[in-house]
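Asker: What follows is each chain in one-letter form.
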Amino acid sequence: MTKKITLKINGAEHTMEVEPRMLLIHAIRENASLTGSHIGCDTSSCGACTVLIDGKSAKSCTILAVQAQGKEIATVEGLATAEGLHPIQEGFHLNHALHCGFCTPGLMMRAVELLEKNPNPTEDEIRWGISGNLCRCTGYNNIVSAIQWTSAKMQGKELPSTEPKFV
Amino acid sequence: MIAENFNYDAPTSLDEAIALLHEYGDDAKILAGGHSLIPMMKLRFASPTHLIDINNIPGLSYVKEEDGYLKIGAMTKEVEVEESEIIHAKYQIFMDATKLIADPQVRNFGTLGGNLAHGDAANDHPAVMIALGADVEITGKDGKRTVGIDDFFQGFYTTAVEHGEVLTEIRIPAASGNYGSAYHKAERKVGDYATAGVAAMIQMDDQGRCTKAGIGLTNVSPLPLRASRSEEVLIGSDLSEAVIAQAAQYASEDCSPSEDLRGNVEYKRHLVSVITKRMINKAISRAKK
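Line by line, the protein sequences give chains A and B. Mapping to the working numbering: the first sequence position 63 is 965, numbers consecutive. Mapping to the working numbering: the second sequence position 91 is 106, numbers consecutive.
Treat the hints as calculated values from the structure; they're not laboratory data. All residues carry an ideal CB built from backbone N, CA and C; glycine is no exception. Keep in mind that the hints are not guaranteed to be accurate.
[Said to hold, decoys possible] Below, simulated DSSO-like cross-link-like pairs (lysine-lysine); rule was C-alpha separation at most 30 Å, straight line:
| # | chain 1 | residue 1 | chain 2 | residue 2 |
| --- | --- | --- | --- | --- |
| 1 | B | Lys57 | A | Lys1067 |
| 2 | B | Lys114 | A | Lys973 |
| 3 | A | Lys1055 | A | Lys910 |
| 4 | A | Lys1055 | B | Lys304 |
| 5 | A | Lys958 | B | Lys303 |
| 6 | A | Lys1019 | B | Lys79 |
| 7 | B | Lys156 | A | Lys1019 |
| 8 | B | Lys304 | A | Lys958 |
| 9 | B | Lys44 | A | Lys1019 |
| 10 | B | Lys44 | A | Lys905 |
| 11 | A | Lys958 | B | Lys114 |
| 12 | A | Lys958 | B | Lys156 |
| 13 | B | Lys86 | A | Lys1067 |
| 14 | A | Lys905 | B | Lys304 |
| 15 | A | Lys958 | B | Lys44 |
| 16 | A | Lys1019 | B | Lys114 |
| 17 | B | Lys44 | A | Lys906 |
[As the list claims (entries may be wrong)] Label pairs and their calculated CB-CB ranges:
| # | chain 1 | residue 1 | chain 2 | residue 2 | range |
| --- | --- | --- | --- | --- | --- |
| 18 | B | Tyr77 | A | Glu974 | 47 to 53 Å |
| 19 | A | Glu974 | B | Arg203 | 33 to 39 Å |
| 20 | A | Ser1063 | B | Ser273 | 32 to 38 Å |
| 21 | B | Ser62 | A | Gly972 | 26 to 32 Å |
| 22 | B | Glu100 | A | Thr937 | 38 to 44 Å |
| 23 | A | Thr908 | B | Glu80 | 51 to 57 Å |
| 24 | A | Glu919 | B | Met110 | 53 to 59 Å |
| 25 | A | Glu974 | B | Glu177 | 33 to 39 Å |
| 26 | B | Thr161 | A | Tyr1042 | 32 to 38 Å |
| 27 | A | Tyr1042 | B | Lys114 | 14 to 20 Å |
| 28 | B | Ser300 | A | Cys943 | 35 to 41 Å |
| 29 | A | Glu919 | B | Asp165 | 45 to 51 Å |
| 30 | A | Glu919 | B | Ser243 | 52 to 58 Å |
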């Protein structure tokens, strides 16, 4: 038995007929054709499928599409605007916070919620805050730098150096 | 991975949810946060034919002190506990535990009621609730009933929640006087189940004598375990180093861990002893503040 649902993704409504067992990540990628959010582990471990549901970061491989009926969903495609990149995208870019880029959409969406709740996190709070997102190119140091840079940028503070750090 | 197909209902009242449970029979499951159930369904360890999503039922999510209890609504999300002022001020054990449960995204959806109703001895809240002496409120067709935490866990993934019933509230005797609590689990990596975990609650009189104690253990026995002998040696004592060492020793003797990828039996018993000692001391130092 299928259900008709309407998902509001990045402000646009997508109406679709889905089986209740369809996962939100599949509805986003296959029905709404927004393939920026990735499927990594498919077991809610890696965080590559992280999107925001009503502002809360969520692993969309562990949520049913029918559960998101009527909710506001934000994916990486919605970050940039006509004016340019979102500060978190700028932060990841300038701080070399990606290598293969597979984890990047999920990490950025997670970082958006983290900075929304805690605009000025400590390094420890950032590391705990992204503990549900795995990067296998071992880029965590630069990812932490990117989030620190974005935090400064969003608060209008002096920007930290984006020179590569060798640690 | 895709679950077997099922029918989905999202009722907006508890009565409606309970009526649906009765209508669909044994193959219906309640969907709370879904972060234990959906993975099990994707792996096809569970294949309910009906899912009853209770996320749209208002009034099941709160953290408040009332009538001498800390009351937590079953659908309260881990993140809401983590951010609750009353938890920060008086029930730090939840700050310890929630930080170690899964990861931030999962805590945005996982619920306290679901964590208990799943009936898994590897989950963290069962030991916390044992240490704090919680009662669980269960609602069915004929109204509400209350079950003490020691009678709640009945077997592997089996709890006192009968078919046709919903876990609705968790009640914890309110913190009073010199009260402290703490939790820690050893985990291999973020999001893993505990290699071993210990929850401790200590209440003392003004002379430093222990008047109340609770010790719960995570993932070192088939059911969440109360370390009764440890509690007995603590209660009425002066909480000296020797008494705490004895309580830790009893906890490590009374659990029954099984060997797995996380470690062998001897290692897990050793962890129980070390963490028990540390958590009792942490609870005492919090009780003194």
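Asker: If a hint holds in the structure, say so; if it does not, say that too.
Answerer: Evaluation of the provided hints:
Distance restraint check for lysine 57 (chain B) and lysine 1067 (chain A): the Cα-Cα separation of roughly 42 Å exceeds the 30 Å cut-off, and the hinted pair is therefore not satisfied. With a C-alpha separation of about 27 Å, the suggested pairing of lysine 114 (chain B) with lysine 973 (chain A) holds against the 30 Å cut-off. With a C-alpha separation of about 29 Å, the suggested pairing of lysine 1055 (chain A) with lysine 910 (chain A) holds against the 30 Å cut-off. The hinted pair formed by lysine 1055 (chain A) and lysine 304 (chain B) fails the criterion: a straight-line CA distance of about 39 Å is larger than 30 Å.
For the proposed pair lysine 958 (chain A) and lysine 303 (chain B), the alpha carbon gap of about 37 Å is over 30 Å, so the pair is violated. Distance check on the hinted pair: lysine 1019 (chain A) and lysine 79 (chain B) sit about 22 Å apart at the alpha-carbon level, within 30 Å; holds. Annotation: proposed proximity of lysine 156 (chain B) to lysine 1019 (chain A) is violated, straight-line Cα distance about 40 Å (limit 30 Å). Between the alpha carbons of lysine 304 (chain B) and lysine 958 (chain A) the distance comes to roughly 34 Å, so the proposed pair goes past 30 Å and is violated.
Proposed proximity of lysine 44 (chain B) and lysine 1019 (chain A) is contradicted: the alpha carbons are some 33 Å apart, above 30 Å. For a cut-off of 30 Å, the pair hint linking lysine 44 (chain B) to lysine 905 (chain A) stands: about 19 Å separates their Cα positions. A threshold of 30 Å between alpha carbons decides the hint, and for lysine 958 (chain A) with lysine 114 (chain B) the separation of about 17 Å falls inside it, so the pair holds. A hinted pair counts as satisfied when its Cα atoms are at most 30 Å apart, and lysine 958 (chain A) with lysine 156 (chain B) does not qualify at roughly 34 Å.
At most 30 Å may separate the alpha-carbon atoms for a hinted pair to count; lysine 86 (chain B) and lysine 1067 (chain A) exceed this at roughly 49 Å. Straight-line distance between C-alpha atoms of lysine 905 (chain A) and lysine 304 (chain B) comes to about 55 Å, which puts the hinted pair past the 30 Å bound. The hinted pair formed by lysine 958 (chain A) and lysine 44 (chain B) meets the criterion: a straight-line CA distance of about 25 Å does not exceed 30 Å. Between lysine 1019 (chain A) and lysine 114 (chain B) the alpha-carbon distance is near 16 Å, which keeps this suggested pair within the 30 Å criterion.
The straight-line distance between the Cα atoms of lysine 44 (chain B) and lysine 906 (chain A) is roughly 22 Å, inside the 30 Å bound, and the hint therefore holds. A beta carbon spacing of about 24 Å between tyrosine 77 (chain B) and glutamate 974 (chain A) contradicts the range 47 to 53 Å that was offered as a hint. For the hinted restraint 33 to 39 Å between glutamate 974 (chain A) and arginine 203 (chain B), the CB-CB distance of approximately 36 Å keeps it satisfied. A hinted range of 32 to 38 Å is violated for the C-beta pair serine 1063 (chain A) and serine 273 (chain B), which are about 51 Å apart.
Serine 62 (chain B) and glycine 972 (chain A) have their C-beta atoms about 27 Å apart, which keeps the hinted 26 to 32 Å range intact. The given range of 38 to 44 Å is respected by glutamate 100 (chain B) and threonine 937 (chain A), whose C-beta atoms sit roughly 41 Å from each other. For the hinted restraint 51 to 57 Å between threonine 908 (chain A) and glutamate 80 (chain B), the CB-CB distance of approximately 40 Å leaves it violated. Checking the proposed 53 to 59 Å range against glutamate 919 (chain A) and methionine 110 (chain B) shows it is violated: the Cβ atoms sit about 44 Å from each other.
A beta carbon spacing of about 37 Å between glutamate 974 (chain A) and glutamate 177 (chain B) agrees with the range 33 to 39 Å that was offered as a hint. The hinted range of 32 to 38 Å is not satisfied by threonine 161 (chain B) and tyrosine 1042 (chain A), whose Cβ atoms lie roughly 46 Å apart. Checked against the given bound of 14 to 20 Å, the beta carbons of tyrosine 1042 (chain A) and lysine 114 (chain B), roughly 19 Å apart, stay inside it. Evaluation of the 35 to 41 Å hint for serine 300 (chain B) and cysteine 943 (chain A) yields a pass: the beta carbon distance comes to about 39 Å.
At roughly 48 Å, the beta carbons of glutamate 919 (chain A) and aspartate 165 (chain B) sit within the given window of 45 to 51 Å. For the hinted restraint 52 to 58 Å between glutamate 919 (chain A) and serine 243 (chain B), the CB-CB distance of approximately 55 Å keeps it satisfied.
When held up to the earlier numbered hints, the structure conflicts with 1, 4, 5, 7, 8, 9, 12, 13, 14, 18, 20, 23, 24, 26 and fits the remainder.
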